[in-house]
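Residue numbers (my numbering), protein chains in the order written: chain A, 59 to 145; chain B, 11 to 143.
Hints are computed from structural coordinates only; laboratory data are not their basis. Quick caveat, the model's predicted, so the values are computed rather than measured. Treat the hints loosely; a few may be bogus.
[Stated by the list, open to error] Listed next, the in silico DSBU-like pairs over lysine-lysine satisfying Cα-Cα at most 35 Å (straight line): (1) Lys107(A) / Lys80(B); (2) Lys69(A) / Lys107(A); (3) Lys68(B) / Lys134(B); (4) Lys40(B) / Lys107(A).
[Said to hold, decoys possible] Restraint ranges, calculated between C-beta atoms of paired labels, are given here: (5) Pro77(A) / Ala56(B): 23 to 31 Å; (6) Ala123(B) / Leu65(A): 49 to 57 Å; (7) Glu119(B) / Arg98(A): 48 to 56 Å; (8) Ala130(B) / Met59(A): 36 to 44 Å; (9) Leu101(A) / Ala136(B): 36 to 44 Å.
Glycine included, each C-beta is placed from N, C-alpha and C at the ideal position.
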Amino acid sequence: MTLQQRLDAFKATFESGAPPYNAPCEAIETMHRATEDLRRSGLAERALKVGDLAPAFELTNQDGELVRSADLLARGPMVITFFRGHW
Amino acid sequence: MATASSGGRLDGGALSRATAVRTGVRRRAKIEFDVLTDLHLRVAEAFGLAFTLPPDLKELYAAFGDALDKFHDEPDFRLPMPARYVVDQDRRIRAADVNPDYTVRPEPEDTVAVVRRLQAAGSKAARHEEGRR
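Please build the complete structure, drawing on both the sequences and the hints.
Right under this line is the structure:
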């Protein structure tokens, strides 16, 4: 199964309102509306794309150590994934 | 490989909680790359990924309890769009997957394939360079 198939399966369960999430219909509608608004805003099209120069950065890792993009790139190509985190 | 997530307060208990979450995510997912904290979305902004949640979604997330304004120190309820970039050693972006729909993610195998291609091209260039010396 691909990652997207697994995500789609989870989404279908969540949006069915089934336990353990018991997501109410209105909540799901709010989430859909927000995603649609973000799509229509065109923000994704304005984000950095292939051919652009990636900004250099310094961020702390899980151990509180400073990680520099320049150091990572000195070792080879770099993959950077942005995720929304938890709250 | 590196992963940047939003959030993590530098003061008080929230950072340790955020760090604990990151360490937990890392252990559970058995990932060996760094999980980075992009406090106040500075890097996400530089990539053009930061956006503000609409009011009704703010309210909905706030109702879940531990809202992201406190946890991520984001009083405006901002988040990054999920994105995956492959960056070559010259800092050029060679692959970019950005989706306003956070339930859609690129396949990891596709990303790995791009990295392998770049690595192969890089070592070929290095060999070429060596041959010229």
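Do the hints match the structure? See the list:
For the proposed pair lysine 107(A) and lysine 80(B), the alpha carbon gap of about 31 Å is at most 35 Å, so the pair holds. Between lysine 69(A) and lysine 107(A) the CA atoms are separated by roughly 28 Å; this keeps the pair inside 35 Å, and the hint holds. Distance check on the hinted pair: lysine 68(B) and lysine 134(B) sit about 50 Å apart at the alpha-carbon level, beyond 35 Å; violated. Proximity of lysine 40(B) to lysine 107(A) is assessed by CA-CA distance (about 29 Å); at most 35 Å being required, the pair is judged to hold.
Checked against the hint of 23 to 31 Å, the pair proline 77(A) and alanine 56(B) fails, with Cβ atoms roughly 41 Å apart. Remark: the range hint 49 to 57 Å for alanine 123(B) to leucine 65(A) is contradicted by a beta-carbon distance near 20 Å. At roughly 31 Å, the beta carbons of glutamate 119(B) and arginine 98(A) sit outside the given window of 48 to 56 Å. Distance hint check: the CB atoms of alanine 130(B) and methionine 59(A) are about 28 Å apart, inconsistent with the given range 36 to 44 Å.
With their beta carbons about 38 Å apart, leucine 101(A) and alanine 136(B) fall inside the hinted range of 36 to 44 Å.
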